[in-house]
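S.K.: According to numbering that gives the first Met the number 0, the sequence shown is numbered sequentially starting from 0.
In short, the hints are calculated from the structure, not lab data.
None of the values given here were measured: they were computed from a predicted structure.
Glycine included, C-beta positions come from ideal geometry on N, C-alpha and C.
Hints should not be assumed to be uniformly reliable.
Pairs of lysine to aspartate or glutamate residues, derived as DMTMM-like cross-links and limited to a Cα-Cα distance of at most 25 Å, are as follows [as the list claims (entries may be wrong)]: (1) Lys88 <-> Glu168; (2) Lys242 <-> Glu143; (3) Lys45 <-> Asp64.
The calculated label-pair distances, taken between Cβ atoms and stated as ranges, are [as the list claims (entries may be wrong)]: (4) Pro266 <-> Gln322: 15 to 23 Å; (5) Lys96 <-> Gln188: 37 to 45 Å; (6) Glu78 <-> Pro216: 37 to 45 Å.
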Amino acid sequence: MQNEISFKRRLLKNSYLVVTAAWLITLSFIVDNYWSGGSSPEALKKSIGNYVARQENDFDALVKDTAFVTRLAHKNYNEPLLQQLSEKKYFLFILAKKEFVRYEAYDLLFWNTQVTDPTASMGSMQAKTGFIQLPNGYYVWRREEVNGLTAIALIPVKWNYAITNEYLENSFAVNNDLSNFTISLQPGQNSIKSKEGLFLFSLVQNAAITVPHDTLPASIFRLLAAMVIFLLAHLMASYVVQKSFYKGIAFLGGFILIVRVASYYLPIPLNLRQFELFDPAIYGSNAILRSLGDLLINAVLFLWLLLFIRHYIQEKNIVINVQKPVFKWLLIFSGITALLACTLVCGHIILSMVADSQISFDVINFFTLSAYSVIGFVVLGCVAISYFFLTQVIIYLLQPLLPKNKLVITLYATIVGLVILTIRINEPNVGFDICLLSWMLVYLLLQDNEHFFLLASQIISSRLIFWLFFFSLSISSIIIIEND
């Protein structure tokens, strides 16, 4: 009862963190609603309608200056003027009708872009404005006769490239928030009209909207709120662990597990699928590690828990005392199995990241690297550090149960490992598993050497450098072999 009251008092003492997180979440909703108001179909219709009208007015003002149009047709312009015209949001063309030919044809005298050109039929069209699909996109066109010349404006509305890349995207020219809309040539609720009131096209919202997107400020506020809540959980776990080591670990571990599982099914702290980092096409292994972003979050959270355990397990001098031989051998077997399990899991995660993902780790070919490569290296580092700390905790707990001979744990690991490999003999990656077992035996021999054992309270640079080199060499070997 007293502990419960003390816990509540400690929670009240840190209640300012709860208030801070609540305000951040409130601000995120306010910001999201404010910006998303501009993402409604009506607001987007108004935005693109105003965009088209501005370009129409600019073109009409330009062609009113007949002397200027004639000057352009005769190529009487300088570089600053050409630069000014090329910066316009629409594409300008001036044509002249060919004489003494049996069919109607036009010469192109001036243009301010290399992106597209008008079709041959545009010069002879009787209408003043309209909507057309060209090979690279959809355009509102507008034409005007000026002193025997034909001036045409092509106002880009939506790009429609046959082949896309990071530079050529099939997006709207005016607003990125229109990604969930398509163009229809039939009048509808969100019809776009010319300045004369003529129908041009309609915006139609896709029937299946992929993933709802939050605004950038709202996403930042929610991530900050999540960090504040995690800070509160860490402070409360640090308080509980002073009373009881196991309760403190259970509190922090339970909190991390509940929040992480909930985030798979609920937008906590926000819908993570909206970010490319969480795209399974880049990396996806299973239902838990379904994207690079999920792997990064899981690795960071697991590393956080391990750092917490590793710090307090030595501060509290936690030792497992078991008198009955049956329980003693059961704990030894469980510990050795845990060592093998985490070796196999971490090894296969690294293998999957290199072999089964779209992430380049080929540092020799620098230009093949991307932002995902950087994040991938961060994940590899988190996985390696987590493995190192977890195995140190397991070895630390097993040492009082084992005989004084330091080679005993290696012998036990060999026996249990061979049993597990026998069970997994039909698995496709059994060769890789054998290499992992051999690597783990070398690793355990190095851990038994007191010159290489690294305590949390004794970060010795020479030992740290050795382990950094050891894990870097091991991961690099997997990358090199898989890349070949």
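S.K.: In ascending order, which of the hints set out earlier in this document are inconsistent with the structure?
M.R.: 2, 3 and 4
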